[in-house]
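Engineer: These are the residues of each chain, in order.
2 protein chains.
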Amino acid sequence: MLGLTLKLPVWQAPMAGVSTPELTAAASNAGVLGSIGAGYLSGEKTEEFIRRVKQLTTADFAVNLFVPEEAEASAQQVQAARQLLAPYHKELKAEEEGGSLSFGSSAFHEQLAVVLQERVRVCSFTFGLPPQRALEQLKERGIITVGTATTVEEAVACEQAGVDAVVAQGCEAGGHRGSFQPPESMIGLMALLPQVVQEVSIPVIAAGGIMNGQGIAAALCLGASAAQLGTAFLVTEESGAHPLHKEAILAADEKEAVLTKAFSGKTARGISNHFIQDMQGHEEVFLPYPLQNTLTQSMRKQAGKQNNKEYMSLWSGQGTRLSKKQTADELVASLLEETDAALLAANRSVQNMKGTSR
Amino acid sequence: MLGLTLKLPVWQAPMAGVSTPELTAAASNAGVLGSIGAGYLSGEKTEEFIRRVKQLTTADFAVNLFVPEEAEASAQQVQAARQLLAPYHKELKAEEEGGSLSFGSSAFHEQLAVVLQERVRVCSFTFGLPPQRALEQLKERGIITVGTATTVEEAVACEQAGVDAVVAQGCEAGGHRGSFQPPESMIGLMALLPQVVQEVSIPVIAAGGIMNGQGIAAALCLGASAAQLGTAFLVTEESGAHPLHKEAILAADEKEAVLTKAFSGKTARGISNHFIQDMQGHEEVFLPYPLQNTLTQSMRKQAGKQNNKEYMSLWSGQGTRLSKKQTADELVASLLEETDAALLAANRSVQNMKGTSR
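From first to last, the protein sequence lines stand for chains B and Z. Per our numbering, the first sequence starts with residue 314, numbered consecutively. Per our numbering, the second sequence starts with residue 314, numbered consecutively.
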C-alpha cells in the first residue's frame with residue numbers, strides 16, 4: 314500500500330512526547346512503519362530526531378505534525394485557569410509558565426521545512442487539514458501525505474484536501490482526539506472504519522484500541538489498508554514514556570482509560586489519576602488548546618521528575634489489559650504470528666459452520 | 314458454538330418494542346439465530362409471541378428478558394419530571410401516565426415461566442444478572458443462558474453467575490446500554506471484545522456497530538464466537554420499527570446516533586431529534602429507569618400514531634451509513650457472502666505483503 318514495503322500492514326502511532334529515535338527505528342527495522350511524533354518539537358529538534366533515526370535504520374518511517382490552531386483567552390480567563398492550577402504548582406514546586414501563552418505556527422513551518430529537506434517517506438498530520446501549499450511541497454518531493462479523521466466527514470475533508478491516505482481514529486484511541494470539525498463525536502472504530510472505507514477512495518489506516526494481531530486482522534477485515542498501534546508500542550522498552558506511565562497502563566483495566574480536557578484543553582484519553590479527577594466539574598475554566606497545554610507543562614514536567622504519576626498525563630487507549638512489557642521487536646514478532654492465526658481461526662470457524670449447518 | 318446449528322455465527326439482536334414474530338422467524342429461517350425482545354411484554358404476550366414464531370419456523374431462536382430493577386422517586390421528583398414533559402403531552406395530546414409509576418418484577422417471572430414452558434432454545438438477559446433460581450431452572454430444561462456485559466468486570470460477573478455465554482456490548486451499540494455495574498463506561502468494541510475474550514472462558518458474542526459481513530469477520534478475528542446485529546435487522550422489512558424510525562436510520566450519518574437518558578432514565582443510543590435536544594441539560598430531572606420510561610410512554614406512542622419522529626425513540630447504533638432497505642433474508646444472504654469475502658481479502662493482503670517485503 315502506498316508503495317511502502319512492510320512485513321505487516323502496521324504503523325507505529327506517532328506519540329508526541331514519548332516518541333524516541335530508538336522506538337521509531339526499532340519499529341521500522343522490525344518490518345512495520347515507525348513514526349516520529351514531532352508535535353511538540355522545534356524545527357531543530359525535529360531535524361536531530363530524524364537524523365538519529367536515519368542512523369539507526371535504512372527503512373522507511375513517518376513524521377507526524379500537529380496542524381497549528383489559533384486560540385484566544387482573556388486576561389481574566391488566563392488568571393482563572395492559573396488559579397485552578399496554583400495548588401498543584403505549589404505542591405510540586407513547579408514554576409508557573411511565565412509571560413505569554415501564545416502559540417505561533419512557526420514551529421510547524423520549521424518542522425515542515427525539515428521534513429521536506431530530509432525527504433522523510435511519510436508525513437502525517439493531526440488536528441486538521443495542512444495548508445494546501447504544504448501538501449503541494451510534500452507531493453513535489455514524493456513524500457506520502459496522511460490526514461487524521463474521527464468522523465466520516467473529516468475523512469472526506471482529508472481526501473478532498475488531497476492527502477494520499479487517512480487515519481480513521483476510533484473513540485478507543487489513547488492521547489489526543491484528532492477531531493477538527495465540531496461537534497466532537499465519539500465513534501467506535503468498529504462502526505467508524507467501514508463507514509470511512511465506504512465513503513473515501515484513498516487507503517484508510519485504522520487506529521483506536523488495536524493492541525495485537527487479532528486487532529490488526531479485524532481492521533483488515535473492515536477494509537483498512539493498515540492498522541496503527543499506539544499504546545502497544547508506548548509500553549515497549551524503546552518508548553520514551555515515563556516508567557510510571559508504562560506501569561500505569563500495564564496495571565490498568567479498560568475502564569481506567571478516561572477522557573479529559575484538563576491537561577491540554579483538548580479531549581484526550583489517559584489513565585485516570587488525581588489531577589483528572591480533581592479537575593472534573595472545572596471544564597469551563599480550562600483554557601482552549603494549546604493554551605491549557607502550555608499552562609500545565611511545568612506541572613507535568615515536575616511530576617515526572619518527582620515520580621508522581623498523579624499529575625502526569627498518562628495517555629492510553631482502551632486496550633490496557635492487552636498491554637505487554639516487551640521490546641518493540643518482540644511486539645512486532647507477535648503481531649506477525651497473531652495476525653495470521655486470527656485470520657485462519659476466523660476462516661475455520663466460518664467454514665466449519667457451513668459444514669455442520671442444516 | 315453452544316450446540317446451535319447456524320449457517321453463519323450471527324445473532325439477530327433482540328430489540329424490545331420493534332421485535333416481531335416475522336423478523337425472528339425470518340432470521341432463524343435464513344440460518345442465523347433469530348431473537349425475541351420480550352423486555353416490555355407481559356407473560357401472556359410473550360407466550361403468544363413465541364407460539365407465533367414457532368408457527369413460522371422450526372429453527373432455533375432466542376428470547377431476551379430484562380432483569381427487573383428497583384427504582385424510587387419522591388412525589389416531588391415525579392412532579393418535576395411530569396412538569397418537564399407536560400408541554401409534549403399537550404402538543405401531542407398524549408395522556409399523562411396515571412397513578413403509580415411503580416414497576417414490579419411480576420412481568421419478569423411470568424416471562425420466565427413462559428420461556429421454561431415453551432423450552433425456547435436460548436434465553437438471554439439484559440440489565441444485570443438473572444436470579445440464581447432462574448438460571449437453575451433454565452439449565453434444568455437444557456435452555457442456553459446468555460448474559461450481557463459492557464465491561465470486562467460485568468462479563469466476568471456473568472460468567473461467575475453461571476451463564477453459558479456472554480454478549481460483549483461495545484459503545485457503538487444502539488438502544489439501551491446493558492451496563493449494570495457503575496460507573497457506566499463507554500468501551501469501543503474493538504477494545505472491549507478481545508479483553509473480554511481474554512478474561513472469560515465462555516463463548517463471547519460481539520455486539521455494537523456491526524452491520525455487515527466485514528464486521529462479522531472482524532468480530533471473529535477478535536475472538537468472538539458470534540456477532541450480534543441489531544440496527545441492520547431493525548431497518549429490514551420484517552422489523553416492527555415505525556417506518557419513520559427505519560427512514561431516520563437509513564438517512565442518518567454516524568454522528569446522529571447519540572446517547573440520551575431522556576426517554577427511559579437509562580443511557581441509550583438513538584438518532585437525535587427534538588426531544589433529545591430539548592432534554593439536554595435537564596438530566597437531573599429525569600426519573601431513574603424504569604420510571605422515566607413509563608412516564609414518556611404515552612408521548613412516544615402518540616408520536617408514533619401521529620407520524621412525528623421528533624418525539625419517538627429512534628434507537629440506532631453508530632453504523633447508520635451501512636444500513637440498507639431490504640428483507641431479513643436478503644440481509645443474511647449478503648452477510649454470508651461478505652464474511653467470506655472479507656476474510657479472504659484480509660488474508661490476501663497479509664500474504665501479499667510477505668511476498669513483497671524485504
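None of these hints come from the bench; they were simulated from the model. Where hints are given, some of them may not hold.
If several chains are the same, the list does not tell them apart, and a pair holds so long as it fits within one copy or across any two.
[Unchecked claim] Subject to a maximum C-alpha distance of 25 Å in a straight line, what follows is the list of computed BS3-like cross-link-like pairs (lysine-lysine):
no.	residue 1	residue 2
1	Lys618	Lys403
2	Lys574	Lys367
3	Lys568	Lys452
4	Lys406	Lys618
5	Lys358	Lys452
6	Lys614	Lys403
Engineer: To test your reading of the hints: which numbers does this structure violate?
Structural biologist: 2, 3
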